[in-house]
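In case you want the letters, here they are:
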Amino acid sequence: MRHTRDLHTLAGPYAMDAISPPDRARFDRHLARCEDCAREIASLREATARLAAAAAVSPPPALKARVMAAAAATRQRPPGPEPEPALGTWPLRTWPLRTQPFRTRPLRTRQGRPTPSRRLVMAASAVAAAAAVAAAVVFGVSSGGMRDQLSQAQARSQQVAAVLTARDATMMTGAVRGGGTVTIVMSHSMRELVFTAAALHALPASRGYELWLIGPAGDRAVIMLPPARHGMTGPVVASGLRPGDHLALTAEPASGAAHPAGRPTTPMMLDVVL
Amino acid sequence: MTAIDRSDPDRARPSAAEPGAAADLNTCLRLVARGDADAFDTVYDQVAATVFGIVRRVVRDPAQSEEVTQDVLLEVWRNAAKFDPGRGSATAWVMTLAHRRAVDRVRSVQKESERERRTAVADVPFDEVAEAVESSLERERVRRCLGSLTELQRESVTLAYYGGYTYSQVASLLGVPGGTIKTRMRDALIRLRDCLGVAS
Chain A
1 MRHTRDLHTL AGPYAMDAIS PPDRARFDRH LARCEDCARE IASLREATAR LAAAAAVSPP
61 PALKARVMAA AAATRQRPPG PEPEPALGTW PLRTWPLRTQ PFRTRPLRTR QGRPTPSRRL
121 VMAASAVAAA AAVAAAVVFG VSSGGMRDQL SQAQARSQQV AAVLTARDAT MMTGAVRGGG
181 TVTIVMSHSM RELVFTAAAL HALPASRGYE LWLIGPAGDR AVIMLPPARH GMTGPVVASG
241 LRPGDHLALT AEPASGAAHP AGRPTTPMML DVVL
Chain B
1 MTAIDRSDPD RARPSAAEPG AAADLNTCLR LVARGDADAF DTVYDQVAAT VFGIVRRVVR
61 DPAQSEEVTQ DVLLEVWRNA AKFDPGRGSA TAWVMTLAHR RAVDRVRSVQ KESERERRTA
121 VADVPFDEVA EAVESSLERE RVRRCLGSLT ELQRESVTLA YYGGYTYSQV ASLLGVPGGT
181 IKTRMRDALI RLRDCLGVAS
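For the record, the sequence lines run as chains A and B.
Our numbering puts the first sequence at residues 1 to 274.
Our numbering puts the second sequence at residues 1 to 200.
Chain B with its partners taken away, still in its complex shape (with noise of 0.2 Å):
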């Protein structure tokens, strides 16, 4: 366990729109967790265009990622009390839910769909994944933070978050044993994060 522990996960992770939004991210859900509508706008305007961004990507069809949308974030109103800044940024918080929720909502009707996702999924190339982004600048970090990935990295790491594969369905579209894509996958997030840190 070396760098991992990396101070404040606020301070290392600036925000995604504007400096600044992280902290009040924080202050916000405290609000929330008292029941505060207006705090409650407030995190709308900061991570919806995140969480919809992400579930979109994830889920594809507009109208069921409106659903997971809404979803998460009536999560967030829910729990709001059980977020601990303690165990990582609000944004970190918000974005694991909103992630999970849409993992959760392919495998559950990848059965019936499973061929269509395949092809759909598998040949989305990482340069799309900054397409229709809000803020240029984050995109441009990470597209760069992605470029610096070795290619089965970068394709490991591009399907399981963006294409909602577990590591052994990445590995097979790969071609790769599962044990190389689980060691490339944290391989990816650990340089991911430390060339995302720097940037900051």
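Here chain A stands alone, though its shape is the one from the complex (with noise of 0.2 Å):
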């Protein structure tokens, strides 16, 4: 798979330290899944050990001395893999949300003509942007399903482009504790949002994030968010908004979960007003 074999190039990078932190992040997560990738990235570290090696100097004799009395000072780590944080604590599920702010109005132009706000307008592009990386990637796949998929994700790519072009589109954007950012952008007419994150907290593979929507009417799963590509999450669609729903990010098992797992989450509001 092309991404993939993008992916696999940053291995020389990686193995040299050579490599952005969110190449390396990516990386880590592809390092995961990939043995055979893990076992490249070993072996060519042992050669740059060697040229480590080439470059050897011995240090100032007294430096032994302090090493060896901080080590002494140091408590050492115990063996293992460090404890996953428990279900209910994970780092990053809720975030506040400051709504009015980013709440954006139709302006009047001189020409009497509404023009979306120029952040809109730069979330809207950053998300069709993904839209446009997702239908690749449906490009990439073999010949059999392939009309399906792609008209599958022009219906996507259109139902996204709706939301973001509905004249009472509204942007929210939100710093997700422990690492990453959410942008929202939601129609009140069409009672759908269109939901897209960035540089979420990489998961295990065996975890990923899912959306939810928590109101009067009862927690419905939106949907599980696809791993991120490019450190970029989604975008999905969120259809069905009723008032008082609030919006809620989990960490879940892979396959999913019929209720959100754990403490029930502090919500995003939403605000819906119907």
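Keep in mind that the hints are not guaranteed to be accurate.
Now the in silico label distances, taken between C-beta atoms and shown as ranges [unchecked claim]:
| # | chain 1 | residue 1 | chain 2 | residue 2 | range |
| --- | --- | --- | --- | --- | --- |
| 1 | A | Ala72 | B | Glu151 | 42 to 52 Å |
| 2 | B | Gly178 | A | Pro216 | 46 to 56 Å |
| 3 | A | Ser189 | B | Val176 | 49 to 59 Å |
| 4 | B | Ala63 | A | Met68 | 18 to 28 Å |
| 5 | B | Arg100 | A | Gly80 | 19 to 29 Å |
| 6 | B | Leu74 | A | Pro243 | 51 to 61 Å |
| 7 | A | Ser239 | B | Arg78 | 47 to 57 Å |
| 8 | A | Ala70 | B | Asp24 | 21 to 31 Å |
| 9 | B | Asp104 | A | Pro243 | 45 to 55 Å |
Calculated from the structure, these hints are not laboratory results.
Glycine included, each C-beta is placed from N, C-alpha and C at the ideal position.
Take the two lone chains, each set in its own frame, and fit them into one complex as the hints suggest.
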């Protein structure tokens, strides 16, 4: 697959730490799933260790005493993997939302035509770019179901575009505690929203993010978010918003959950007014 | 994925200084994990020069290099129990730690002194790589293997590994597209690995 092959060319830079933090995070996630790749990195690091050996220089003799003294005063870490945070305490399932400041309203220009705010346009283009990536990935799939998948992708893009271009489209953005940003564009009149996230904290392969609507009508699972591509998650569309709905993001087993696990999340207020 | 799984990493990786040191290092690390200070003393003697050498190569400033070296060795002490011999040699584990710490240090101070470093590192010729090396045999091997790379491969590896640059910085220094540099880096390391493996 094209995406995987592209990622794989990062093996050289990764083995030499010649990589930006986001690329490193992407590659780390890739390594967790790809046994062959992990072996390749290990073998390349044997080579880079030799490059280091060729640069050996004796340190000042006094350094040894300092290191030994520091070690004597330093507690060692136990073997085994770090304990996983308990389900209820995933650091980033909720985020504070600044609803008001990001409300955008149609503006009247001199020509008397509504203009989306610049911020909204930027979000719209980011979302559209992500949609294009999704479509491109579908393109790569073997020819059998390609037409179906392509038309599904097109339908999805159109659904996304419809929300983004709605006259009452409202954009909200918020920082995810623990890292990442969520951007939502919602249309009250369509009762739909487009959800995207960037740079969410990486989850182990066995887990994924699930989006929920929580409200008087009960908890509704919206969708398991697809894995991030280039740090970008989504766009996904949530339909059928109801008054009083809150939006929540939780970390769940990759197969999805019927109800949000753990304690109820502190949800993102959507302030759906219909 | 071909020609990757090259048997036991410690067998594929002869020691920098003397034969058998790699196995010793494994054993010592296991003892260090149990808090054995004598074993840590031995580990220090085996790796300190290489750690200091690569850190100084990347960081350049001698005082900062000492600090980073101390951090790295302390991390070896703290995390010895995390070392997994199934995933590479002990030397590679320590050197990966050392190189990453060195790179982290220069990137965190990069903004203030970006231009200086740019000039300083850009003109490190690869022959200088082996300056002041303790094991002349190892130095000679690495030099020879670096010499077997194409010029672009060699420059990419030298700037990235010894210079501490990201691949995109290397790409702009060399005026070559980033995609090309990424591939050259991987090709270069595969060739180096095979060349050094053969030499052992």
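Evaluate the given range 18 to 28 Å for the C-beta pair formed by B:Ala63 and A:Met68. holds, 20 Å
Per the hint of 21 to 31 Å, is the separation of the Cβ atoms of A:Ala70 and B:Asp24 within bounds? Holds, at about 23 Å.
With respect to the beta-carbon atoms only, verify the hint that A:Ala72 and B:Glu151 lie 42 to 52 Å apart. For B:Glu151 against A:Ala72, whose Cβ atoms are near 48 Å apart, the range 42 to 52 Å holds.
Cβ separation of B:Arg100 and A:Gly80, checked against the hinted range 19 to 29 Å: Given about 22 Å between the Cβ atoms, the range holds.
Between the beta carbons of A:Ser239 and B:Arg78, is the distance compatible with 47 to 57 Å? Distance hint for A:Ser239, B:Arg78 holds at roughly 51 Å.
For the pair B:Gly178 and A:Pro216, does the Cβ-Cβ distance stay inside 46 to 56 Å? Given range 46 to 56 Å: holds, Cβ gap about 51 Å.
Does the Cβ pair B:Leu74, A:Pro243 satisfy 51 to 61 Å? holds, 57 Å
For A:Ser189 and B:Val176, compare the CB-CB distance with the range 49 to 59 Å and indicate the outcome. Holds - the Cβ-Cβ distance for A:Ser189 and B:Val176, about 51 Å, lies within 49 to 59 Å.
I want to verify a distance hint. Is the separation of the beta carbons of B:Asp104 and A:Pro243 within 45 to 55 Å? For A:Pro243 against B:Asp104, whose Cβ atoms are near 50 Å apart, the range 45 to 55 Å holds.
Violated hints for the displayed structure: none, as all numbered hints are satisfied.
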